[in-house]
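There are 2 protein chains.
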Amino acid sequence: MKLIGYFRSSAAFRVRIALNLKGIAVEHAFRHLRKGEQRAPEYAALNPQKLVPALVLDTGEVLTQSMAILEYLDETHPEPPLLPADPVGRARVRALALIPTADIHPIQNLRVMAYLRQKYDQSEESTFAWSRHWIETGFEAYEAMVANDPRTGLYSHGDRPTMADLCLVPQVFNAARFKVDMSRFPTLQRIHAACLKLPAFDAAQPSKQPDAEP
Amino acid sequence: MKLIGYFRSSAAFRVRIALNLKGIAVEHAFRHLRKGEQRAPEYAALNPQKLVPALVLDTGEVLTQSMAILEYLDETHPEPPLLPADPVGRARVRALALIPTADIHPIQNLRVMAYLRQKYDQSEESTFAWSRHWIETGFEAYEAMVANDPRTGLYSHGDRPTMADLCLVPQVFNAARFKVDMSRFPTLQRIHAACLKLPAFDAAQPSKQPDAEP
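In the order they appear, the protein sequences are chains X and Z. For the record, in the first sequence the residue sitting at position 63 is 63 according to our numbering, with numbers rising by one throughout. Just add 214 to the spot in the second sequence (first one is 1) and you have our numbering.
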């Protein structure tokens, strides 16, 4: 398998953690998002969304959308599981995962911020405030959902990492770039710190990727 | 079970189709999004994201995030299935479903359009152009992914409706409100028309809900 990613992409970061947790070795390739390499015709032919990541299987089939890739990896490599066994628990983990995946990151990713600058003539400062707003809105909900729920453990759901943590941690890295005050989200801070003690999370972080830039 | 929704919410619409397909009878309750009823404290206590839908189980547990709810319904009521059996096919269906769910709708929903009007002083016309841009960007990718793939059938994946169709159809309804020219997306038009011939999709459409407004 080959993962096509970018060191700073939150979506690629989620998949890197899953591959590490499950001990799946893949070839890594990169598209430099700030240089627009994801819009090159040969990449658009693989992923018409022109977004990373894409996972190219040994059969040549191409999987896109990080959440779909996480589910695929969990179905084909069940250990350790990224979801709990009970349907209500699975729904809780997926709902938490979807807060960053659907309701934070897509609203404040590179292409949206570029649109705000170009079409609405917004300053970098203004687009940073936009990003902070959507991150904080999502984190307030995530914090409320984990802070007083007995199902929360060392991680977002129980005492082993799940899909929720795989999606939360990259968003916390992203939040640091936009100077979000994480002290407002003490449970997220605690879970983030616990995750980064695990080699699978630590090795997946942006600064440790081959294509990382300062 | 009780589904808390809003007639025009794409996310609630997805869940209504799934309930109809599977023949699951639920109580329906509504929060009027344009009046801000989803921000009332009693609802925020159920769903800290202050978004619809929420599915309240008979045990009192509350499920949020439409994609997590679709997966839950499929796990607990397997017939008819919303996903194919093979992992690569499941990944394709989920990736298609995530185009509207993660990469179109969250960028152009009510709260984002309100932010554009209030903080960036954008006109209604400008926010409509914004919505059209993200719908068209997502639909271009969806069309490219289904147009020439032999796995596409009468519906997005094969000849029975899947999670992908449940997420596509509400987005096509939404696109009509923003005057998106659907003739650019002939495969999506064809799939949308095929879905609406099914009573489960037809009965779930916004204008047929008890809280519908003209």
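Please keep in mind that the hints were generated in silico from the structure rather than gathered at the bench. You may find that some hints are simply not true.
To be verified - The list that follows gives simulated cross-link-like pairs (lysine-lysine, DSS-like), each with its CA atoms no further than 30 Å apart:
| hint | chain 1 | residue 1 | chain 2 | residue 2 |
| --- | --- | --- | --- | --- |
| 1 | X | 197 | X | 179 |
| 2 | Z | 333 | X | 119 |
| 3 | Z | 216 | Z | 393 |
| 4 | X | 179 | Z | 264 |
| 5 | X | 179 | Z | 333 |
| 6 | Z | 236 | Z | 333 |
| 7 | Z | 393 | X | 50 |
| 8 | X | 119 | Z | 393 |
| 9 | Z | 216 | Z | 236 |
Said to hold, decoys possible - Looking from chain Z toward chain X, a few residues come up when the C-beta cut is under 10 Å (computed):
| hint | residue |
| --- | --- |
| 10 | 244 |
| 11 | 294 |
| 12 | 321 |
| 13 | 342 |
| 14 | 346 |
Glycine residues also receive a C-beta, built at the ideal position from the N, C-alpha and C atoms.
Each hint, compared with the structure:
1. 197(X) <-> 179(X): Within the cut-off at roughly 23 Å; holds.
2. 333(Z) <-> 119(X): Given that 30 Å is the threshold and the Cα spacing comes to 15 Å, the pair holds.
3. 216(Z) <-> 393(Z): violated, 33 Å
4. 179(X) <-> 264(Z): Cα-Cα ~24 Å, so holds.
5. 179(X) <-> 333(Z): holds, 20 Å
6. 236(Z) <-> 333(Z): Given that 30 Å is the threshold and the Cα spacing comes to 43 Å, the pair is violated.
7. 393(Z) <-> 50(X): The hint holds at about 24 Å.
8. 119(X) <-> 393(Z): holds, 20 Å
9. 216(Z) <-> 236(Z): Judged against 30 Å, a Cα distance of about 15 Å means the pair holds.
10. 244: This interface hint is violated because 21 Å lies over the 10 Å limit.
11. 294: violated, 18 Å
12. 321: Constraint on residue 321(Z) satisfied, holds at 6 Å.
13. 342: Because about 13 Å separates residue 342(Z) from the closest Cβ in chain X, which is outside the 10 Å limit, the hint is violated.
14. 346: violated, 12 Å
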